[in-house]
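Participant: Listed below, chain by chain, are the residues.
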Amino acid sequence: MSVEIALRHKQGAFRLAVDMHTPGGVTALFGRSGAGKTTVVNAVAGLLRPEAGRIVIDGEVLTDTQRGVFEPPHRRRVGYVFQEGRIFPHLSVRGNLLYGRWFAKRGTRGPEIDHIVDMLGLGKLLERRPTALSGGEKQRVAIGRALLSDPRLLLMDEPLAALDDTRKAQILPYLERIRDEAQLPILYVSHSVAEVARLATSVAVLHGGSLVRCGPVADVLSDPSAVRALGVREAGAILIGRVAGHDSDGLTRITVSAGEVFLPQIDATLGSMIRVRVEAQDVMIAREPPKNISALNILPVEIIALRGGAGPGIVVQLGSGDDRLLARITRRSATALDLTPGLQCYAVVKSMSVARWDVGSQGV
Amino acid sequence: MSVEIALRHKQGAFRLAVDMHTPGGVTALFGRSGAGKTTVVNAVAGLLRPEAGRIVIDGEVLTDTQRGVFEPPHRRRVGYVFQEGRIFPHLSVRGNLLYGRWFAKRGTRGPEIDHIVDMLGLGKLLERRPTALSGGEKQRVAIGRALLSDPRLLLMDEPLAALDDTRKAQILPYLERIRDEAQLPILYVSHSVAEVARLATSVAVLHGGSLVRCGPVADVLSDPSAVRALGVREAGAILIGRVAGHDSDGLTRITVSAGEVFLPQIDATLGSMIRVRVEAQDVMIAREPPKNISALNILPVEIIALRGGAGPGIVVQLGSGDDRLLARITRRSATALDLTPGLQCYAVVKSMSVARWDVGSQGV
Amino acid sequence: MAGWLGPEEWQAVALSLRVALWATGLSLPFGIAVAWVLARRDFPGKQILNGLVHLPLIMPPVVTGYLLLLTFGTQGPVGAALQDWFGIVLAFRWTGAALAAAVMAFPLMVRAIRLSIEAVDPKLEQAAGTLGASGPWVFLTVTLPLILPGVLAGAVLAFAKAMGEFGATITFVSNIPGETRTLPTAIYTFLQVPGGESAALRLVVISVIIAMGALLLSEGLATRMARRISGA
Amino acid sequence: MAGWLGPEEWQAVALSLRVALWATGLSLPFGIAVAWVLARRDFPGKQILNGLVHLPLIMPPVVTGYLLLLTFGTQGPVGAALQDWFGIVLAFRWTGAALAAAVMAFPLMVRAIRLSIEAVDPKLEQAAGTLGASGPWVFLTVTLPLILPGVLAGAVLAFAKAMGEFGATITFVSNIPGETRTLPTAIYTFLQVPGGESAALRLVVISVIIAMGALLLSEGLATRMARRISGA
Amino acid sequence: NAARANDTILVYAAASLTGVMQDLTPLWTEATGGALKVSLAGSSVLARQIQQGAPADVFISANADWMDVLEQDALIVGGTRRDLVGNTLALIAHDPSIPAQSIGPELDLINLLAGGRLAMALVDAVPAGIYGKTALTKLGLWADLAPHVAQTDNVRTALALVASGAAPLGIVYATDAQAEPRVHMIGTFPETLHPAIRYPAAAINQPDPAPALAFLNFLQSGPARTVFAQRGFQVPGN
Ligand SMILES: Nc1ncnc2c1ncn2[C@@H]1O[C@H](COP(=O)(O)OP(=O)(O)OP(=O)(O)O)[C@@H](O)[C@H]1O
Ligand SMILES: Nc1ncnc2c1ncn2[C@@H]1O[C@H](COP(=O)(O)OP(=O)(O)OP(=O)(O)O)[C@@H](O)[C@H]1O
Ligand SMILES: [Mg+2]
Ligand SMILES: [Mg+2]
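Here the protein sequences line up with chains A, B, C, D and E, keeping their order. Going by the numbering used here, the residue at position 79 of the first sequence is 79; the numbering climbs one at a time, nothing skipped. Going by the numbering used here, the residue at position 128 of the second sequence is 492; the numbering climbs one at a time, nothing skipped. Going by the numbering used here, the residue at position 74 of the third sequence is 802; the numbering climbs one at a time, nothing skipped. Going by the numbering used here, the residue at position 34 of the fourth sequence is 994; the numbering climbs one at a time, nothing skipped. Going by the numbering used here, the residue at position 50 of the fifth sequence is 1242; the numbering climbs one at a time, nothing skipped.
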């Protein structure tokens, strides 16, 4: 599995120049509105013929302007969830969902429609006309349609933006399973770091048509210098751990390189590897292990670096065993606690603050 | 200012039955996909003629099926940001933005276009055709168009869903100012509790066409029983405080009824009232005030109630002076700390975890 | 070129142009109005209006011309009224030829415009409404700009039809040189004379050139409009 | 009713129906193809094709009929080839009447369909492409269903025109009772003789009734289709 | 009325007179200094327009029936009706190798057609067709021939069918046949077989009938008779 996207294209005043290479899995495209995310996705889908570029998915060359290769969209077998839905108005919901099936290769069956319909909560809507759907319902049909077309590559342009958290929590595990079990590469555009942290294998950050950062999700998200590109609030690190036990009170014990952490029971078998995103703002630093406090997760850490901007907050990079953690704290606290690189101290993370979403099974 | 919406309408298999009365300001409509939010907004805009119902905004009857009153949409002066944009394809961005101006009452000028264009980052796009815009750019034009039409009432159906956090952080303060200075009632549909908590005066929660909860934002968000309706992660309470000082290291001191809290410098004059949303998951409980820890905000609280579900977490309702706080902790911690109603203890909140967004100036 | 056609023939060319332009120009507002009503309104008798509009297409042109003669002739009820009240004479005048051409072209014009109106997303019109535009303003500022390519298509169809209309014209306003002898009637006249074919062919070529010019012009305009809207 | 019209007149009615149905039915696929090409493709000579399609609208029907005679007559190059290779005879046959009607109605049909195709959002077609549909499949499963109301409009326009076509038909295939004597020729015959008006009127009424029926039917169908799509 | 300037007269003439009227226009202007406008169409169309108040000064019909109608309606100036010229019917062929035929009951048109069609103007509506049908009926040929006849909306179209070879034979006026090089006349129908083919002319009721009367007289003057004759019409007294 690998995704190689090199593009050079001019669109009005907008110039796209991207050259990224990721190992497959879920590649998150991140960037502000107008950064060029949809343009990249369109190029991969074959809806845009770039002025120059090369797109190779899993070794298969889809576009190569130098060699004059340009697979037409219908032979690319991408499942594209468009930013604006694009549901067929003349087909019922069922007709929309099954549309891609007509053209899928015989034999390869793809996912079960019943399962997808269930997951997306479309059961009662199957005979509906699209015009009689709410905004979120349309978006769900679009997701289902792409998933059911038996694609070799999923392109998802802000697929969950119009959905409520409960629904998102039903869809994300499915996408995880696609990533891990079906080994389907996914190009995923989202403004939500939580989604990206959970799903992505790699993250590419676009700004004004250029690639400003591209790398494994853990690296990008735990890099304080990437914090600005992602927006202040969203910095966070990723811990890789092994499920060590499910306790009777509903907590799951996870062994990470620096010790044990507790999470509300998660749906993973004993011994499996998972990843846990810990937002920088959820991490406190203490000089000594605090007592009599509701926080369960207290990890010994070493301060690696402190990085501050103009504001009152600073980001502290912490080494925790082999993993990295980020903590956002006030400059005042840093001074009061006298934090300096090399100092041994404790990271305090409320177990509950590692939200369900931020726990994903470990792909790749 | 007041908003009265009573509706009864059948749409295919979907039945809407809503009767809500809110004191104006920002009324957030909350609910899962397909719950009926857009239908309610359409009825207020006059795009839907309900089978039965009465809609009164600020004393003005817009719809009253009993008396046969139905103001046509163009006389309602609503600024409607549609869920799907609905940008005019034949007009440039500028033409779209100014469209409502043509029909606005002479004399009343409404907001300055330059300001809006700046805030929405549309400066370079003014002469563009809508088809040459990205998804988020279109959405911003839609917001600008509604704001510039000099409305008497704003209807916003997931206006920020397609936008990145940085842009959201530019638009939300503007909406706050509209709410507070222009005293414009706003009906606001969103799936983001952070947005709602920051903006809303009242919250109405819809489910399957029925109103399941409606009340002041502080009440609804700090009600543990509402936690389920809003989705586990999003519970939180609202503290009302007064800006007591801006410290030189960039922190702002805020007096709340139970003492002082520190927030990263916020843009509010000394002495002004603000509201701070504290997510339940960001609150830890300690039996004694923790020392040597990076958390700055430690408030003495009394445990009011503990409420648990099937999962490993429970929600603890805390009295903090006159305010309420919610804390989500594990059942294990609650047992370890021996928490019972009436117990005096301490709430620990990282200052930084009160994110910028969750601070809003205090409307109403 | 001037030597290629005689003065009478130039007269026919000029007259045909005048007739076709007036027929198209004057019927356009009505065409738009009727198309809008048919596309967007529901009322009793709608299908009667619809049928009436299509009538000239269904009936042989001679019949349409005869009915026009009976209605708008100097003895006809409408013709007499027009003459008494407004001093407008249609019978045996180029104005009558324009009326005949307009009537014959009307169904084509209405269909084209109606199809465009039906393609306009009512959601955009609703949006204009919420921004304060009343019905007529919505039409002027949203619907009309969006249907301009269709209006143009309708107009050029009508113009082409008006340039070629023969049966109703000769039946209604006869074939009077300089007044009602349009290109098609002139062509007919030439075809009645032995050896007149080449003269007739010249006129056919002229009318084809004119109509093609209009067609090309309209295609160019429509492409530009569509490009403005689609942003390409 | 049977007594109202003589057997010859019934024959004309039946023949007109046959001619109009065949003309519409057979030209529809070509109309759709040409409309699609004109709406969605750019190629050298596109405007020539466009002009050719409009030609029958511009030229007087007699000229069109004469050109048909020269081309598709037994002596004409195409007519002779058709007869030699496929045994298809058009001259003086009802098949020729259908051809004349189809040619005359073609511009109307193409315009209506073309306008509908231009109204289809290419983004939907792109979406179908990403789901694995190749060009022809996209057309069949997305474009065609979406333009059905326009195709219907084009077909009914063509049918109405075919029912009323006179000039080109009589010039090309003349008037042979039972073979090419359609309603319009019958009507024309009656109108030539003094006192024939009432007989002509009867036939006009018949043809109007038939075309109106087709019109109403198509409106009903189109409304249903539109409703299915708009979900109302 | 703009169509009737003082010195302009408007003549409504049957379309089969088109050539003649073209030739006469300069002669009239030469003779009188006045202008002549001619509206040419089928007789039925013109007659109906006159019924509806057309500003015509003179009507020249291709058959008597429509003139009778106008006379009954009292639309023509009493005493001005006259038959101008006559015409004969000709049997024409496309193929020059077909020999001349004698027109009589033994005429075997079906054989001559060889599966082709006999082109005629509408046999129930257009004068040339009516005359032709009458003649063939009298010869006892009509019943067999009827299925082989291709009828056209006017006699010129019938001529065109033969000229282009679409129909091998046709029945048209001698005037049309003589001017068309691509056909040749293989027979003419004796006057006895059909009612006399006459072109009646009359002045139409208008406020000032004087120019119309002058024109009618001109039509029967020497120069006009020459023109008619040149165009193949039978001019009485010639
Ligand atoms: N035209 C229609 N005919 C029948 N049912 C409809 C129609 N439009 C909407 N509905 C149904 O009404 C319900 C409410 O729709 P509404 O658009 O108000 O939902 P919503 O709360 O805005 O959802 P979302 O967050 O997905 O936009 C949905 O279940 C939808 O399927
Ligand atoms: N047809 C076009 N012509 C000119 N410029 C265009 C066109 N389409 C898009 N653009 C511009 O290209 C840039 C990238 O657009 P793109 O749709 O890829 O953005 P995006 O990253 O998907 O943004 P969003 O998050 O708002 O959807 C934008 O600045 C946009 O204005
Ligand atoms: Mg985008
Ligand atoms: Mg909605």
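Calculated from the structure, these hints are not laboratory results. We treat Cβ as the ideally placed atom computed from N, Cα and C, and that holds for glycine. Treat each hint with caution, since some may be false.
To be verified - If the Cβ cut is set under 8 Å, some of the chain A residues that face chain D in the computed set are:
(1) Gly68
(2) Val69
(3) Phe70
(4) Phe82
(5) Pro89
(6) Ala104
(7) Arg145
(8) Thr340
(9) Gly342
(10) Tyr346
Unchecked claim - Just a sample of chain B residues kept apart from chain C, beta carbon distances all over 10 Å, derived:
(11) Gly423
(12) Pro436
(13) Ile477
(14) Asp544
(15) Val607
(16) Thr619
(17) Ile630
Participant: Work down the list of hints and note, for each, if the structure agrees.
Facilitator: Now for the hints, and whether the structure bears them out:
A cut of 8 Å between beta carbons decides the hint on Gly68 (chain A): the least distance to chain D is about 20 Å, and the hint is violated. Evaluation of the Val69 (chain A) hint against chain D yields a violated restraint, the C-beta minimum of about 17 Å exceeding 8 Å. With 8 Å as the threshold, the beta carbon of Phe70 (chain A) stays out of range of chain D, its nearest partner Cβ sitting at about 13 Å, so the hint is violated. For Phe82 (chain A), the interface hint holds, since its Cβ comes within 8 Å of a Cβ in chain D; the closest pair sits about 6 Å apart.
Given the 8 Å rule on beta carbons, the hint for Pro89 (chain A) holds: about 5 Å separates it from the nearest Cβ of chain D. Look at Ala104 (chain A): its Cβ gets to within about 6 Å of chain D, closer than 8 Å, so that hint holds up. Look at Arg145 (chain A): its Cβ gets to within about 7 Å of chain D, closer than 8 Å, so that hint holds up. At about 54 Å, the closest approach between the beta carbon of Thr340 (chain A) and any beta carbon in chain D exceeds 8 Å, and the interface hint on this residue is violated.
For Gly342 (chain A), the shortest C-beta to C-beta distance to chain D is roughly 53 Å, which exceeds 8 Å, and the interface hint is violated. Hint on Tyr346 (chain A) is violated. Least Cβ distance to chain D is approximately 51 Å, over the 8 Å limit. Remark: the non-interface label on Gly423 (chain B) is consistent with the geometry, its nearest Cβ contact in chain C lying 21 Å away (cut-off 10 Å). Listed as a non-interface residue, Pro436 (chain B) fails to keep its Cβ farther than 10 Å from every Cβ of chain C; the least gap is roughly 7 Å.
Every Cβ of chain C is farther than 10 Å from the Cβ of Ile477 (chain B); the closest lies at roughly 15 Å, confirming the non-interface assignment. Taking the minimum C-beta to C-beta distance to chain C, about 24 Å, the non-interface status of Asp544 (chain B) holds against the 10 Å cut. Distance check for Val607 (chain B) against chain C: the nearest CB is about 38 Å away, which clears 10 Å, and the non-interface claim stands. The non-interface label for Thr619 (chain B) is consistent with chain C: the shortest C-beta to C-beta separation is roughly 43 Å, beyond 10 Å.
Distance check on Ile630 (chain B): its Cβ is at least 34 Å (rounded) from any Cβ of chain C, clearing the 10 Å threshold; non-interface status holds.
The earlier numbered hints that this structure contradicts are 1, 2, 3, 8, 9, 10, 12.
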